[in-house]
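Student: Top to bottom, those sequences are chains A and B. Using the UniProt record's numbering, the letters of the first sequence correspond one by one to residues 1 to 494. Using the UniProt record's numbering, the letters of the second sequence correspond one by one to residues 1 to 494.
No lab work stands behind these hints: they were computed from the structure. Be careful, since some hints might not be right.
Which copy? The list can't say, so a pair holds if one copy fits it or any two copies do.
Simulated crosslink set (DSS-like; lysine-lysine; CA at most 25 Å straight-line) [claimed, not checked]: (1) 202 / 430; (2) 144 / 114; (3) 397 / 276; (4) 425 / 371; (5) 89 / 311; (6) 389 / 310; (7) 278 / 225; (8) 26 / 66.
2 protein chains.
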Amino acid sequence: MVFCNCLLETPGRNQLRCFSKMSDEKLDAIFKVIDQEQDSFVQQLAEVVAIKSISGDISLHSECVKVVEWAKERLDKLGAETTIWPLGKRNLPDGQDVDLPPCVYSVLGRDPLKKTLLVYGHLDVQPADKDDGWNTDPFVLTEKDGKLFGRGSTDDKGPIVAWFAVVEVMQKLQIDIPVNLVFVLEAMEESGSEGLDEALKKNAKVFENVDFAVITDNYWLGKNKPCLTYGLRGISYYHLTVTGASQDLHSGIAGGTLPEALNDLIWLMSQLVDGKGKILVPGLQEMIAPLTDEERKRYKDIDFNPADYKKEMGAQGLLSNEKETLLQNRWRNPSLSLHGIEGAFSGWGSKTVIPGTVIGKFSIRLVPNMKNEDVDKAVISYLNDLWAKRGSPNVFKPVAGHGGPYYLADCEGKGYQAAATAIEKVFGVKPDFTREGGSIPVATSLQEVTGKAVVLLPLGACDDMAHSQNEKMNRSNFIQGTKVLAAYLLELAK
Amino acid sequence: MVFCNCLLETPGRNQLRCFSKMSDEKLDAIFKVIDQEQDSFVQQLAEVVAIKSISGDISLHSECVKVVEWAKERLDKLGAETTIWPLGKRNLPDGQDVDLPPCVYSVLGRDPLKKTLLVYGHLDVQPADKDDGWNTDPFVLTEKDGKLFGRGSTDDKGPIVAWFAVVEVMQKLQIDIPVNLVFVLEAMEESGSEGLDEALKKNAKVFENVDFAVITDNYWLGKNKPCLTYGLRGISYYHLTVTGASQDLHSGIAGGTLPEALNDLIWLMSQLVDGKGKILVPGLQEMIAPLTDEERKRYKDIDFNPADYKKEMGAQGLLSNEKETLLQNRWRNPSLSLHGIEGAFSGWGSKTVIPGTVIGKFSIRLVPNMKNEDVDKAVISYLNDLWAKRGSPNVFKPVAGHGGPYYLADCEGKGYQAAATAIEKVFGVKPDFTREGGSIPVATSLQEVTGKAVVLLPLGACDDMAHSQNEKMNRSNFIQGTKVLAAYLLELAK
Chain A
1 MVFCNCLLET
11 PGRNQLRCFS
21 KMSDEKLDAI
31 FKVIDQEQDS
41 FVQQLAEVVA
51 IKSISGDISL
61 HSECVKVVEW
71 AKERLDKLGA
81 ETTIWPLGKR
91 NLPDGQDVDL
101 PPCVYSVLGR
111 DPLKKTLLVY
121 GHLDVQPADK
131 DDGWNTDPFV
141 LTEKDGKLFG
151 RGSTDDKGPI
161 VAWFAVVEVM
171 QKLQIDIPVN
181 LVFVLEAMEE
191 SGSEGLDEAL
201 KKNAKVFENV
211 DFAVITDNYW
221 LGKNKPCLTY
231 GLRGISYYHL
241 TVTGASQDLH
251 SGIAGGTLPE
261 ALNDLIWLMS
271 QLVDGKGKIL
281 VPGLQEMIAP
291 LTDEERKRYK
301 DIDFNPADYK
311 KEMGAQGLLS
321 NEKETLLQNR
331 WRNPSLSLHG
341 IEGAFSGWGS
351 KTVIPGTVIG
361 KFSIRLVPNM
371 KNEDVDKAVI
381 SYLNDLWAKR
391 GSPNVFKPVA
401 GHGGPYYLAD
411 CEGKGYQAAA
421 TAIEKVFGVK
431 PDFTREGGSI
441 PVATSLQEVT
451 GKAVVLLPLG
461 ACDDMAHSQN
471 EKMNRSNFIQ
481 GTKVLAAYLL
491 ELAK
Chain B
1 MVFCNCLLET
11 PGRNQLRCFS
21 KMSDEKLDAI
31 FKVIDQEQDS
41 FVQQLAEVVA
51 IKSISGDISL
61 HSECVKVVEW
71 AKERLDKLGA
81 ETTIWPLGKR
91 NLPDGQDVDL
101 PPCVYSVLGR
111 DPLKKTLLVY
121 GHLDVQPADK
131 DDGWNTDPFV
141 LTEKDGKLFG
151 RGSTDDKGPI
161 VAWFAVVEVM
171 QKLQIDIPVN
181 LVFVLEAMEE
191 SGSEGLDEAL
201 KKNAKVFENV
211 DFAVITDNYW
221 LGKNKPCLTY
231 GLRGISYYHL
241 TVTGASQDLH
251 SGIAGGTLPE
261 ALNDLIWLMS
271 QLVDGKGKIL
281 VPGLQEMIAP
291 LTDEERKRYK
301 DIDFNPADYK
311 KEMGAQGLLS
321 NEKETLLQNR
331 WRNPSLSLHG
341 IEGAFSGWGS
351 KTVIPGTVIG
361 KFSIRLVPNM
371 KNEDVDKAVI
381 SYLNDLWAKR
391 GSPNVFKPVA
401 GHGGPYYLAD
411 CEGKGYQAAA
421 TAIEKVFGVK
431 PDFTREGGSI
441 PVATSLQEVT
451 GKAVVLLPLG
461 ACDDMAHSQN
471 EKMNRSNFIQ
481 GTKVLAAYLL
491 ELAK
């Protein structure tokens, strides 16, 4: 422990300087231990990556429960008071109901003289299979060239382990954690955070004292320079079911005799977006907030290179090679992506099947001022018009599935500025203030329930390949990120 | 054994009548034992259904080898001389080469005074998974209401077990099998019979003495009335690969920034066939043999009801409700079916992925006089034109995969007529002479290598759901079919 003489003086410039000095000394001590203990944190990450908590795969429900238990155990060890919130039931396509993976609500510190920080993270992951093209087992954290490969390494298990590491290190050093911490860790984020909104609203009272909120579940714009994110796109996800026959048929026996479901579906899906990325659903364009001169200017200063981006994505081409347009396409314009088809032949090789029922999946990323309900209405109406035009006797059922609103925060407040200072203390540079193309619907929910700006503080780099094969987190991002979180806690308390 | 006095007489009408009487007595004895032993044959079918010989799934290569060994063992027990023909190498998508599942060539009887019958069947099956919507484990033969459910029960393991059963029964009764039998049993039929044509041509000499050839790998037109099939459609199968990025991307991060591979592919696939089943590839229509008055007449007499067919298929609608048109669509007109997409999201639930590389699969059923090479040329040229029109920077590679020619036989010869008599002896009705929509490319290959008409003698019913979920063979079709094969052998020797 480091003591400062001036603590007994009347508060003034000297005292603040002294606080700052004390804080910096604490920080140096914390940073040193984080460096020393880094292998132990990597080991903790390996432990949780090994839990196959794919919330989109109902057969892995028990792994989602297991990962929640893992988090509770870790928080118990850190001395937090943890409650597991049941989130209700999940409707399966076969009509069955099963429990949703529950959520962790945990409190570390209830000092009324301290500020309270709400930390959100998610313990579930996207699907991953070695056969999809992973170079290593996605559930065995594997380090290569300073990169920690594994499903969830960056999205979002790494950042959660980093939060636990900060607490562990400060406790080890007997440094008083200068803010009360509230953790909300869910295991359904990759499946639309089903049940979370209701739980947050139901338990709104426990969030009344929250002063700041932070989410560490997104990525730097580039590979080298940290950023803080003040805007996110929302999402509306659609399932289009077409049934042509009560079961799959043989294309030799039935081909030419009936209107095939997959043929109808592929035609529908071909009418959603053109080759230049233009969304063909009428009415959406009009919902987009106009670009102001001030906003336009902001894109100019961002450190971003389309050619580098193209290379990082491994893309054959871009929809624009011009920096500002490309950034606007990612951050402030909607996009429509086709994801795939359930029920059709998807394996290797050749199968001469006429699928009986097929379900097309696509989603639209939403930007201010597109409201999910308005977009859903426009999309479903357009799809029904298309279907009427098609004149098929098959059965068509379009469903607006999980959705989440866009997010836009005021980045001038203390939450963002403290995070910016913390980043500068670790990396020696001011972060870019960016927006992001991805969706974290919980950002809006947390903003609503706390009434505070929710800081999006990314730890991972742009090439971490979240949701893709060979997801990784750089060891340096993981360890330096842990330091940022420590510095952030100290900054918030100032 | 039954002896006939007139065997010593000069051949004449009496002797023929006597032969016939003797033959009928033999047949009665054979039929009786087939009935008595039927549970044993069902058990043999269960044994081979349990072998997961999915030739389309490279990870099940060893099961395909196992099923070939199973057949060899059975044939060894029946006293046949069996050779396993290696069929060369198979090219995998990752560039690797592995052995193709081999093929069984087996001879039972080399009596120069007897006619020789070539029997073809296939030991491999279509993919099947309980999760695809099977009511029972597809690899556990399960009887319900007189139906034997299991992958391969009707396509084509049931018929192969029936052939073995006929030989077993005749040997048990010490009845001389009146024809030499040659079996060709492959394990790659569901994957385009890769390697078989070359093997047949290479070993053409062993087929020089073949007098008749038969394939029991198709289905009755209806559920109740047997038929003999004299025509088949051919097939050309296509794989369309589009690469937009070197790996899968997150639709939040990348959506709106690059031309997506799946978007390009779905557009391409939407340009192949319209909602009324009309193939949009230019040049194909002109290849179809014109419908003669004689052929047109033939469709009038066929026992077929579109409303029943619709019900059996569980179809929401038909492309025509008129019998002749529907039969012509199935048998003498080409059809194009979309089968699915490899590489896109195909699971349950929602995944916000932009697939990096996707492979669309479709096939065209060919009819006289569409030659595979001409169709391939027209299709690939059309696809390349579409791609040029699309103007995408992504990489497109269309490949004509496995194909097989149409088949049309003269059904007036002894091979067909003996089969017709055999069917009448078992079922008491003359079979319909039909064509079929499916493809058995080996029919043409066997016709070429033997110079004989290849009789297509179906044992299964129209609702057996080959290639689909809940494939089955009726126990009655299996057992009565075994009798037909026995009667056929005796008829061929007359």
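Student: So, for every hint listed, does it hold in this structure?
Tutor: Tested hints:
{"no.": "1", "hint": "202 / 430", "verdict": "neither (39 Å within a copy, 74 Å between copies)"}
{"no.": "2", "hint": "144 / 114", "verdict": "neither (41 Å within a copy, 71 Å between copies)"}
{"no.": "3", "hint": "397 / 276", "verdict": "between (28 Å within a copy, 20 Å between copies)"}
{"no.": "4", "hint": "425 / 371", "verdict": "neither (38 Å within a copy, 72 Å between copies)"}
{"no.": "5", "hint": "89 / 311", "verdict": "neither (43 Å within a copy, 37 Å between copies)"}
{"no.": "6", "hint": "389 / 310", "verdict": "between (38 Å within a copy, 23 Å between copies)"}
{"no.": "7", "hint": "278 / 225", "verdict": "neither (31 Å within a copy, 55 Å between copies)"}
{"no.": "8", "hint": "26 / 66", "verdict": "neither (35 Å within a copy, 68 Å between copies)"}
Going down the numbered hints, you'll see the structure goes against 1, 2, 4, 5, 7, 8, while the others check out.
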